[in-house]
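Each chain is listed here by its residues.
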Amino acid sequence: MKNTIIKVENVWFKYSEEVIALKGINLEIKEGEIIALIGQNGGGKTTLAKHLNGLLKPTKGRVIVKNLDTKNTPVHILTNIVGYVFQNPAHQIFTSKVYDEVAYGPKNQGLSQEDIEKRVKMALEMVGLIGYEDTHPHDLNYGQMKLLTIASIIAMQPEVYVLDEPTSGQDHNGRRAIAELILKLNKEGRTIIVITHDMKFVAQVAERTILMANGEILGDSSTRDILLNIDLLEKAAIKPPQIAQLCIELKKFGLNFNCLTIDEALKVFSQYIKK
Amino acid sequence: MSSIGTSLLRRSIIVKETLIHKADPRTKFLFFLWISIWAYIFYDYVLTTIFLIGIIILAIIGKILKRILLSVAVIVLPWMALGVPILSVLFPWNSTLMYKIEIFGWQIPFYYEGFAWGLTWPLRIGVCITSALLFYLTTNPANLIALLFKLKLPFRFIYAFAAATQLIPLLVDEAGTIYQAQLSRGLRTDVGIIKRIWNFLILIVPLTLSSLTKVQIRAIALESRGFSAPVIKTCPYDIRFKNIDYVFFIGIAIATLIMVYVYTVYGFSPIVHLKQYFISG
Amino acid sequence: MFKQEVISFQNFSYSYPTKRNVLIDINLKVYKGEVLGIIGPNGAGKSTFCKSLNGLVPHFYGGSIKGNVIVAGMNTLEHTVAELSTKVGIVFQEPENQLSGLALTVEEEVGFGLSMLGFKKELIRERVKEAIEKFGLKGLEKRSPFELSGGQQQRLAIATIFAMKPEVMVLDEPAALLDPIGKYEVFSTIKELIAEGSTIVIAEHEIEEIAYLTDRILFLKEGKIISLDNTRNVLSEISKLKEAGIDPPSVTELTYVLEKELGNKFDQYPIKLSEAVKLYSEVLKIK
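Protein chains in written order, with my numbering: chain W, 1 to 275; chain L, 276 to 556; chain F, 557 to 843.
If you're looking for bench data, these hints aren't it; they were derived computationally from the structure. Do not rely on the hints blindly, as some may be mistaken.
Claimed, not checked - Straight-line Cα separation of at most 25 Å, SDA-like style, residue types lysine to any residue; simulated pairs: (1) K676(F) - K291(L); (2) K643(F) - N631(F); (3) K57(W) - L27(W); (4) K107(W) - L345(L); (5) K239(W) - E117(W); (6) K828(F) - T261(W); (7) K677(F) - I479(L); (8) K291(L) - V506(L); (9) K828(F) - V268(W); (10) K239(W) - T642(F); (11) K66(W) - R208(W); (12) K107(W) - I479(L).
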């Protein structure tokens, strides 16, 4: 049985009297899960995510990260446990060398020079940017910049990663690189939460999906359950990945397939045909 | 958009419906210039105070009294409170003795010239600033832009001014996001002053760079929509003089005549001049 | 059918001051009423291609240029961006950053391009009204453009360009930064434009959506043309696409790998969901 690493207990959050962003959110995140957080903009995904590392504190209710209540714990302690990678790399990058950029987090954590070097090397290796240590971050292409920002969080070795739309603005190569990185991190035992609009990506990467709308959780289940649930998705005005759409349409012909990805469909269809 | 940015933006578009708000921005701008000039022409703290009271009455009509009084309190009064005592004693052109006050066994002479100077100048500045505020706070952004067009200012200048009011709140939002992003990497806020300056850099660099990128994107979008076309740009706003404006103009004309009369007959310190006769006996 | 040439690239090559060979030897023609899609990995030159259509390349960026681009009868080298803006409208990726910043309301933003070109107020009012109705912005006229959602802002950008009545509309990854509803709004809007017979050039990564919209696709990689053919043909060249790091539509790729796995031969790869449903309902039902 996996341990619970983050607990969100009846959290409400108000930006102002009129703007209530979260309305009674309850959820448990277990160690080693990969969770996709989906829903239209304004539904509360980012607001919820920012509660996980203490950037935002609940107006009502509480968030417990590894037995620490975020209301009473300083942010810099929580960021050692939960790493948050923001969507736009430009909002983070401020140094002139890739090395310095990745070293910033561990430096803040108070590590020794030696340890910082080790961490930077490890992080750059993980994202595939070894050899770029002296490169100016702005000489990287967009996909590489994204990997750089993720590396700068990897170097802090948090147990939980929150990635805010890591594939937005990327081409398919970039998307693939992120998917591989997430699976690599997860193999190490890290918990990953991805905020994304890319359903194909969700199907490839996440076992569990949480669908949010209007500050509430509309669905929290296995990715397969969520992405094949047309009524639920219609409510949130979301389309499942094309393969899932295909299977949903084929049900009308009496064919009962529940595939989400090309690989799954290949296996299932070819077996079916060979029979 | 976060709430700070949104509320800054909204605040700039709040419109009230008083007589002053309805008046054409050209009228209010003219009033500002006119009254500032007269406040400068007369060297008379009583008269200037009368001007200031006049502006405050207009502020009451325009429902912006609080802000006007705030600016008087912040700009005029401290300066006077400091200036009057110091200048009454130490002003280089002091010659007419008013009183001698005993402080700690010393006889300190208070002269009239410094006293008058210490009163008059803050009041003059006060008139200038409050009349400008009267103009600015009762003119909605659309009319302000229309005024700039009517004044035939170069379009790039009008654009810079108008865009700034809309784009600065976005910068504020951006700064907030960058702050959160750096906090997520362990930026410490519980540090001494030197570290805080370093922290500031860590926020300023991404803000500047991201702003530069945005500026470039906006620039190509503007160009693609004909920004640099060498034609007269169409102003989307209409401002027309209404009855209230004509009332203002007549009032200003009459007041000008009166003031010219007072100036030629009584000189540039009419009321104070008379008072001075009372003081020295 | 008489095809009128609207865009013509003649041996066109371009290098930015800081990046060489971004487009190499581009030769192509686009005809009136055609919808041309542009696909390719990041850095392939899609954006540069779009910006070459209204003169931003080279007038705004500088750099070195070879060959010609002729759009609506104008050679982009010989006309300013402002002149070309009367014939070519570009919608960029970033919803907020392409807003003028000058307009206080949505109405004024839609009329922005026309104001910049000095059109008369009455004409602007007419065109704005038309565009607002057409692109579903009714009810939003008096709102600040910065209060709108991403999808609404992109529709607003399209409306602004549309009001200028250009001959060609260029869309540079218009849905890249939007949420699902925003993407839907943008693609529906584009469908409307297509229904009107507009000439459209659209660069996109959402290949599954593009399959429904485009007549032909230009496939770019490292500045060169890999393919320029009708949509079906380009999207069916799976290995070429995969080599360049592009994912074809899922149903197309599925059919390709099924073919390999089973040794079957399908007549035609489906590029749209409806085609795939038809194909697979038959193939799988037969069992």
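- request: Please flag the earlier hints that this structure goes against, numbers listed from lowest up.
  value: Hints 1, 4, 5, 7, 8, 10 not satisfied by this model.
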